[in-house]
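K.L.:
In order, the protein sequence lines correspond to chains A and B.
Residue numbers for the first sequence follow our numbering, beginning at 198 and rising by one.
Residue numbers for the second sequence follow our numbering, beginning at 401 and rising by one.
Please keep in mind that the hints were generated in silico from the structure rather than gathered at the bench.
Idealized CB from N, CA, C, for every residue including glycine.
Misleading hints may appear alongside valid ones.
[As the list claims (entries may be wrong)] Just some of the chain A residues that point at chain B, by a computed CB distance under 10 Å: (1) 236; (2) 293; (3) 348.
[Claimed, not checked] Under 8 Å between C-beta atoms, here's a sample of chain A residues computed to sit facing chain B: (4) 283; (5) 362; (6) 391.
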Amino acid sequence: MSGAMAIPSCAGLGLLSGARATAQDRHPHWAALMARAQAGDARAYEALLRECLPLLRAVCRARLREPAEAEDAVQDTLLSLHRVRHTYDPARPFRPWLMAIAERRVADRLRRLARQGGLTPPVEEAEEPREPGPGAEQTLADRQDTARLREAAQGLPPAQHTAVMLTKIEELSLAEASRRSGMSVGALKVATHRALHALRRRLSGED
Amino acid sequence: MRSEELISRLARDLRPVRRLPGPLALTAAWVALAACVVGTAVLLMGPREDLMAHLAAPDRALPLLAAVATGLLAGFSAFQLALPDRDGRWGLLPLPAVLLWLTGMGWGCLADLARIGPAALRLGASFACFGFITALGLPLTAGIAFMARHAAALRPGPVVALGGLSAAALASVGLSCVHHLDAALMVLAWHGVAMLCVTAVAWNCGPWLLRRLGAAAPRL
Numbered sequence: 198m199s200g201a202m203a204i205p206s207c208a209g210l211g212l213l214s215g216a217r218a219t220a221q222d223r224h225p226h227w228a229a230l231m232a233r234a235q236a237g238d239a240r241a242y243e244a245l246l247r248e249c250l251p252l253l254r255a256v257c258r259a260r261l262r263e264p265a266e267a268e269d270a271v272q273d274t275l276l277s278l279h280r281v282r283h284t285y286d287p288a289r290p291f292r293p294w295l296m297a298i299a300e301r302r303v304a305d306r307l308r309r310l311a312r313q314g315g316l317t318p319p320v321e322e323a324e325e326p327r328e329p330g331p332g333a334e335q336t337l338a339d340r341q342d343t344a345r346l347r348e349a350a351q352g353l354p355p356a357q358h359t360a361v362m363l364t365k366i367e368e369l370s371l372a373e374a375s376r377r378s379g380m381s382v383g384a385l386k387v388a389t390h391r392a393l394h395a396l397r398r399r400l401s402g403e404d
Numbered sequence: 401m402r403s404e405e406l407i408s409r410l411a412r413d414l415r416p417v418r419r420l421p422g423p424l425a426l427t428a429a430w431v432a433l434a435a436c437v438v439g440t441a442v443l444l445m446g447p448r449e450d451l452m453a454h455l456a457a458p459d460r461a462l463p464l465l466a467a468v469a470t471g472l473l474a475g476f477s478a479f480q481l482a483l484p485d486r487d488g489r490w491g492l493l494p495l496p497a498v499l500l501w502l503t504g505m506g507w508g509c510l511a512d513l514a515r516i517g518p519a520a521l522r523l524g525a526s527f528a529c530f531g532f533i534t535a536l537g538l539p540l541t542a543g544i545a546f547m548a549r550h551a552a553a554l555r556p557g558p559v560v561a562l563g564g565l566s567a568a569a570l571a572s573v574g575l576s577c578v579h580h581l582d583a584a585l586m587v588l589a590w591h592g593v594a595m596l597c598v599t600a601v602a603w604n605c606g607p608w609l610l611r612r613l614g615a616a617a618p619r620l
């Protein structure tokens, strides 16, 4: 990616910093829901799992290329979570507990895929699952940001939508985006600028 | 089945569960269980008559204390590792105690060498030591595996291996209270090999054992 592209790309993802802060604030809420689930509150449990589902999907899709495999890993995680739900201590944050289970199930699936061969990721990825550290959290947050950016871009005019998808989501160079879209580099720059302006307003309105 | 549907089913079948006690409480329960079993074995076999004098000698007491510490720390780290969100480095917790045990035994070997000469380095057979530690250590490993059975879906091998190390170390303490094996090299060899065997068996059988014991959340 060219240096000229790096700045608007970061700016695009930076639009969602407010949304990320909101996601961080959700942790105590999840811990409280899980505590109620341990006491048998089915409604709290269902609400918690539904809220966690996008996060689980993002984690699994980040590590598994095949969407079906990723969805299977999500379901494995949900089943494991259900089995060991008594091990959660509500005094501790919920997200690391959940992420550790998800990483384990993804690692299992990667190992299985590596054994089967075919469309598999490198074997080294199937080694001991990583502890959910700050790097993984950052990657995940970036992916969630991208997903939210993609969703928000749906309502843009076609030219702006194309420009932001190619330059911000797919992170193509202006020359490559121009070749793919048939738009001139100048038109792409203008459309991207307008799209980012519209998205900034839209997303800050959401928060 | 879609994940949303699975969530609905899991929520529909939800039952209240008894929250797992913390690692410290589980370790206390485990040590109490192991102390009862090992203590009973010591009483049945009869403690060695010079036990107090044996414990008063620093080169004998140090390895014994290190073995107790290994048992406690390995048990605690097993219960830590059995929880999903705990750092894998908890598994290294018993390492200082193991090193202290080895150091203590090495010191004992040197003390024996100074006291009785090259005869101290003669290695004989002591299958009774091996039998005592494995006969107590393996069932106790099953006991700690049961207490940490929630690790089935997480880290079954390391958790049961640490449990095995804890069980074998505590069995080794019991053995030191009944058996007249004073040559440090013999103790190092036979206790060490037996502890290593129990830990290795536990590591290999851990996943299978925990699958058998089941990891379903205990209901209220």
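K.L.:
Look at each hint and say if it fits the structure.
P.N.:
How the hints compare with the structure:
Below 10 Å, beta-carbon pairs count as interface contacts, and residue 236 of chain A has one with chain B at about 5 Å; its hint therefore holds. Evaluation of the residue 293 of chain A hint against chain B yields a held restraint, the C-beta minimum of about 5 Å falling below 10 Å. The beta carbon of residue 348 of chain A is not positioned within 10 Å of any beta carbon in chain B (closest approach about 18 Å), and the interface hint is therefore violated. Hint status for residue 283 of chain A relative to chain B: holds, with the closest Cβ pair at about 4 Å, below 8 Å.
A least Cβ separation of about 27 Å between residue 362 of chain A and chain B goes past the 8 Å threshold, and the interface hint is therefore violated. Hint status for residue 391 of chain A relative to chain B: violated, with the closest Cβ pair at about 36 Å, above 8 Å.
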